[in-house]
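Trainee: Could you build the full structure based on these sequences and the hints that come with them?
Protein sequences appear in the order of chains S and X. Start counting the first sequence at 3; every next residue gets the next number (my numbering). Start counting the second sequence at 3; every next residue gets the next number (my numbering).
Some clues are possibly wrong.
[Said to hold, decoys possible] A few chain X residues facing chain S, derived, Cβ under 8 Å:
1. 41
2. 42
3. 43
4. 72
5. 74
6. 77
7. 78
8. 83
9. 85
10. 102
11. 104
12. 120
13. 121
14. 123
15. 124
[Said to hold, decoys possible] Under the rule of at most 27 Å between Cα atoms (straight-line distance), these lysine-lysine pairs were calculated in the DSSO-like manner:
16. S:66 to S:46
17. S:66 to X:72
18. X:46 to X:72
19. X:66 to X:46
20. X:66 to S:72
21. S:46 to S:72
22. S:72 to X:72
Hints in this document: simulated from the structure, not taken from any laboratory. No experiment lies behind these values; they were computed from the predicted model shown. Each residue gets a CB set at the ideal place from its N, CA and C atoms; glycine is no exception.
There are 2 protein chains.
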Amino acid sequence: MPTEDELRATLIRYTEAFSAGDADAWVGLFTEDATVEDPVGSPKHVGRDAIRAFFEAGHAMADKITLTIKEGPVVCGSEGSFAMEVMSEMGGATIVLTAIDVMTFDDAGAITSQRAFWSPSGIRTL
Amino acid sequence: MPTEDELRATLIRYTEAFSAGDADAWVGLFTEDATVEDPVGSPKHVGRDAIRAFFEAGHAMADKITLTIKEGPVVCGSEGSFAMEVMSEMGGATIVLTAIDVMTFDDAGAITSQRAFWSPSGIRTL
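Mentor: Printed below as a string of structure tokens:
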């Protein structure tokens, strides 16, 4: 099992690759059969192809999306979490929301599941 | 099912009752058979009696514990999460750490499970 610091670094890379629009780097953090539930309660995206499609759909909606970690990452064994600000620039508008992500990892440190807590009610303009 | 705002209010009360040292109010937010996994990966405290014992053990270790929400609460359906600073005053020392809590609720809005992400490695002096 990777160390706590290594898993924290993976979660930081998760936000950096997403913000950079680097689909290959971002999808590469997941296992082949990983799941993404974003937001929590919505149907899961299962497997890397579906996760890549989720990434692309998100980036197609905005000119730029920037994830900024606000609290954490905190890692406990094979699970981790962090709170972030999600800033989306769309045309002349910039909207932000708070999201809290919870991930599980496999023994090699790849992400096996992601669950993202966020709510449309939390969206605000900057 | 309670509204998103009602569940957010419960999570705020959770931090307020804990900070006030009000065991009755805090334990009363949970269902009779609720579970507390604090930190994530440790054995669960199962049921209100065990949850009260966990509360009392935590408060016995410090003169004062103050929970301050930093991000969220964010509620998705019957689940919610928030990031907080936990400040513990013990004698002449004050230590803080970041914790991210994830809760599930029953249809009446009582907490059925709590999982708290925090790590000893995140403890710092103030």
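Trainee: With chain S as the partner, please determine if residue 77 of chain X meets the hint condition of a C-beta pair closer than 8 Å.
Mentor: holds (6 Å)
Trainee: Interface hint check: residue 78 of chain X, Cβ to nearest Cβ on chain S, cutoff 8 Å. Holds or violated?
Mentor: OK, holds: residue 78 of chain X within 8 Å of chain S, min 4 Å.
Trainee: So, residue 121 of chain X near chain S? Judge it on the closest CB pair being under 8 Å.
Mentor: The hint holds - residue 121 of chain X has a Cβ within 8 Å of chain S, the shortest such distance being about 6 Å.
Trainee: Is residue 66 of chain X within 27 Å of residue 46 of chain X, Cα to Cα?
Mentor: Within the cut-off at roughly 24 Å; holds.
Trainee: Min Cβ distance, residue 104 of chain X to chain S: is it shorter than 8 Å?
Mentor: holds (6 Å)
Trainee: Quick one, are residue 46 of chain X and residue 72 of chain X close enough, alpha carbons at most 27 Å?
Mentor: Answer holds: residue 46 of chain X to residue 72 of chain X is near 25 Å, not above 27 Å.
Trainee: Holds or violated: is there a CB of chain S closer than 8 Å to the CB of residue 123 of chain X?
Mentor: holds (6 Å)
Trainee: Min Cβ distance, residue 83 of chain X to chain S: is it shorter than 8 Å?
Mentor: Cβ of residue 83 of chain X sits 4 Å from chain S, so the hint holds.
Trainee: Regarding the pair residue 66 of chain X and residue 72 of chain S, is the alpha-carbon distance no greater than 27 Å?
Mentor: Holds. Residue 66 of chain X to residue 72 of chain S sits at ~25 Å (cutoff 27 Å).
Trainee: Next pair to validate is residue 46 of chain S with residue 72 of chain S; report whether the Cα-Cα distance is within 27 Å.
Mentor: holds (25 Å)
Trainee: Does residue 66 of chain S pair with residue 72 of chain X here, judged by a C-alpha cut-off of 27 Å?
Mentor: Holds, at roughly 25 Å.
Trainee: Minimum Cβ distance from residue 102 of chain X to chain S below 8 Å?
Mentor: holds (4 Å)
Consistency note: the structure conflicts with none of the earlier hints.
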